[in-house]
Amino acid sequence: MEFFDDKKNWGQSEVKVGRSWKPDELRIKKRALNYKVGGLVTCGNLKLRDRFPVLLYYKFAVKQFDFTISTEAISVILLVTLLFMFMFVRFVLLKERNMLLTMEHECKEQAELFPNPERIDKVEESMNNLETVVRERNEAYFKLETGQTGERPVCMRKGAVGLMYKHRMAEHTIPRSMNKKWQQNYKSYGHTRDARQFLKLYREKLFLEKRRARNRERNHVMGLMKRFPNLDLEAVKQQFPSVDIEKIRYHKKTRGHHENIC
Amino acid sequence: MRLSSVLCKVADLTKQYSNLPESYIKRAMEQVYWRTPKGRQYLKREVKRKKYYFGIHRPWTTEFQMENERGTMRKKVFVEPICDWSFFKGDRVEVLVGQDKGKQGIICQVFQERNWVIVEGLNCELKLIGKNKDFPGIYIKSEKPLLVTNEVALVDPSDLKSSPIEWRYTEAGQKVRVSVRTGRIIPIPRAAEETYDYKTKASYIESEKDTKASEVTAITFEPALKTFEMDIMEQMGIKEDRVPGKTYWY
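Chains as they are written, first to last, in numbering that gives the first Met the number 0: chain U, 0 to 261; chain L, 0 to 249.
It cannot be assumed that every hint is accurate.
[Stated by the list, open to error] Taking lysine-lysine pairs in the DSBU-like style, the calculated list, with each CA pair at most 35 Å apart, reads:
| # | chain 1 | residue 1 | chain 2 | residue 2 |
| --- | --- | --- | --- | --- |
| 1 | U | Lys29 | L | Lys225 |
| 2 | L | Lys25 | L | Lys198 |
| 3 | U | Lys6 | U | Lys94 |
| 4 | U | Lys28 | L | Lys14 |
| 5 | U | Lys107 | L | Lys50 |
| 6 | U | Lys225 | L | Lys160 |
| 7 | U | Lys180 | L | Lys245 |
| 8 | U | Lys180 | U | Lys165 |
| 9 | U | Lys142 | U | Lys157 |
| 10 | L | Lys198 | L | Lys14 |
| 11 | U | Lys21 | L | Lys25 |
| 12 | L | Lys37 | U | Lys15 |
| 13 | U | Lys15 | L | Lys88 |
These aren't lab readings, by the way, just hints derived from the structure by calculation.
Modelling step: build the complete structure from the supplied sequences, incorporating the hints.
Listed below in structure tokens is the structure:
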């Protein structure tokens with residue numbers, strides 16, 4: 000496992016790589032197993048869990064045994080590798096991400112600049128696209144064979160205080176009616192008087208927020224009309240669909256100093 | 000729709016110019032002051048800057064961060080909505096206002112968030128920098144941005160005079176800019192596809208880690224009636240013939 004970048008990239012102010020893989024490019028691939036990362040990859044939630052145990056073990060080993068990796072560390076690394084390997088296609092990307100996150104961490108420790116941090120985002124984006132393509136293919140198989148998507152089912156449920164939420168269903172060995180513990184955990188108080196009172200206030204709050212946003216938008220359009228006499232009203236309608244332009248067109252607030260509409 | 004979501008969005012042309020993933024731009028410009036810790040017991044809440052000031056600095060730069068430093072409040076900017084954006088980098092335009100009124104120049108920067116363009120060498124200002132009692136200071140010349148709505152006009156390539164334009168479709172179904180005065184198509188310049196990383200897509204130099212373009216476009220997909228997991232199991236010689244027991248989903 001190459002946790003650290005190529006030595007020639009150390010201390011560089013810029014390390015250029017291409018863009019991430021697009022879903023359409025992945026759709027024409029049998030398996031992305033042997034591809035390099037370039038055109039690379041990228042993005043967002045950095046899951047520290049994914050990398051830190053490996054990294055720490057590796058560092059520990061390196062420090063302990065004077066720059067040779069111990070068998071223990073190798074076995075841990077191999078184990079993690081195998082786990083990753085099971086999701087074969089992601090392997091190159093995972094390796095790259097491990098490298099980038101390690102380098103970022105190391106740069107931070109050494110108080111140096113990590114060049115082109117968007118590479119992490121590119122890797123993450125590619126991984127997400129890869130996942131969507133794999134899921135797409137699985138879904139096609141399941142729809143053909145079983146008529147269902149094969150994804151984890153989701154239903155709308157009433158929560159403890161009466162609010163609806165998306166419940167991701169789970170697999171159980173006994174039916175719901177026999178599962179006392181589940182019933183206890185997912186007990187709803189939505190029908191009680193307190194919950195009804197809460198919901199009433201909650202809906203009022205939502206309504207007020209919505210009304211405030213609507214008014215703010217309307218006032219903004221009024222300000223635009225006041226400042227720009229030759230405003231493109233089609234564009235305004237497109238950008239602010241909730242505003243009734245005909246209604247506010249001759250409003251006092253929309254009349255600028257530029258003309259006198261009577 | 001929240002108004003702030005309209006006003007504080009990074010424009011498409013800016014994203015295209017940056018050639019950066021959207022998530023990175025978001026990550027680089029966002030200022031989160033406080034966030035609830037991770038955990039089931041916490042509702043997801045954060046205190047962060049909602050309104051950003053967009054000037055002539057790109058959102059992922061340090062200059063942008065400095066312009067939007069914590070605690071800075073700026074006057075609200077009204078930006079005129081536009082249906083179709085028609086000014087691109089490399090376009091020849093005529094300046095309609097200011098000391099360079101009537102002169103033509105090439106657009107070198109576009110700031111879609113503010114309806115601004117910068118025309119190379121025109122509409123300049125002189126700034127006196129570094130003046131103190133021992134040193135007279137240096138004048139630095141820099142271009143000021145111009146509004147696309149009423150301060151610049153595109154130039155018709157057939158007679159090199161400014162003209163209002165319209166977006167129309169060719170018989171092939173392609174959307175093009177047409178000069179209203181002469182009916183001539185104003186092509187979108189090559190420089191419009193320029194990004195921070197390359198001038199044109201063809202001139203991009205592949206780095207060591209990049210997958211070759213031929214490899215990316217090669218079609219290796221073979222349809223097979225199996226899921227991804229089944230494929231992997233087959234490849235690794237894993238056989239599974241146990242029958243799962245009855246389960247309940249809820």
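Is it true that the CA of Lys180/U sits at most 35 Å from the CA of Lys165/U? holds, 20 Å
Measure nothing beyond the straight line between the CA atoms of Lys21/U and Lys25/L; if it is 35 Å or shorter, mark the hint as holding. holds, 20 Å
Pairwise hint evaluation, Lys157/U against Lys142/U, where the allowed Cα distance is 35 Å at most: Holds, because 29 Å separates the two Cα atoms, which is no more than 35 Å.
Take a quick look at whether Lys37/L and Lys15/U sit within 35 Å of each other, Cα to Cα. holds, 34 Å
So if I understand the rule, the pair passes when the alpha-carbon distance is 35 Å or less; does Lys29/U with Lys225/L pass? Given pair Lys29/U, Lys225/L holds - Cα atoms ~12 Å apart, limit 35 Å.
Is Lys15/U within 35 Å of Lys88/L, Cα to Cα? holds, 23 Å
Hint consistency between Lys28/U and Lys14/L [alpha-carbon to alpha-carbon, up to 35 Å]: holds, 28 Å
Quickly compare the C-alpha distance for Lys225/U and Lys160/L to 35 Å and report which way the hint goes. Status holds; Cα separation ~32 Å.
CA of Lys198/L to CA of Lys14/L, is that 35 Å or under? Roughly 15 Å between the alpha carbons, so the hint for Lys198/L and Lys14/L holds.
For the pair we were handed, Lys6/U and Lys94/U, check the Cα-Cα distance against 35 Å. holds, 16 Å
35 Å Cα cutoff - pair Lys25/L, Lys198/L: holds, 24 Å
Please work out if Lys180/U and Lys245/L have their alpha carbons no farther apart than 35 Å. Within the cut-off at roughly 20 Å; holds.
When the structure is compared with the earlier hints, no violation turns up for any of them.
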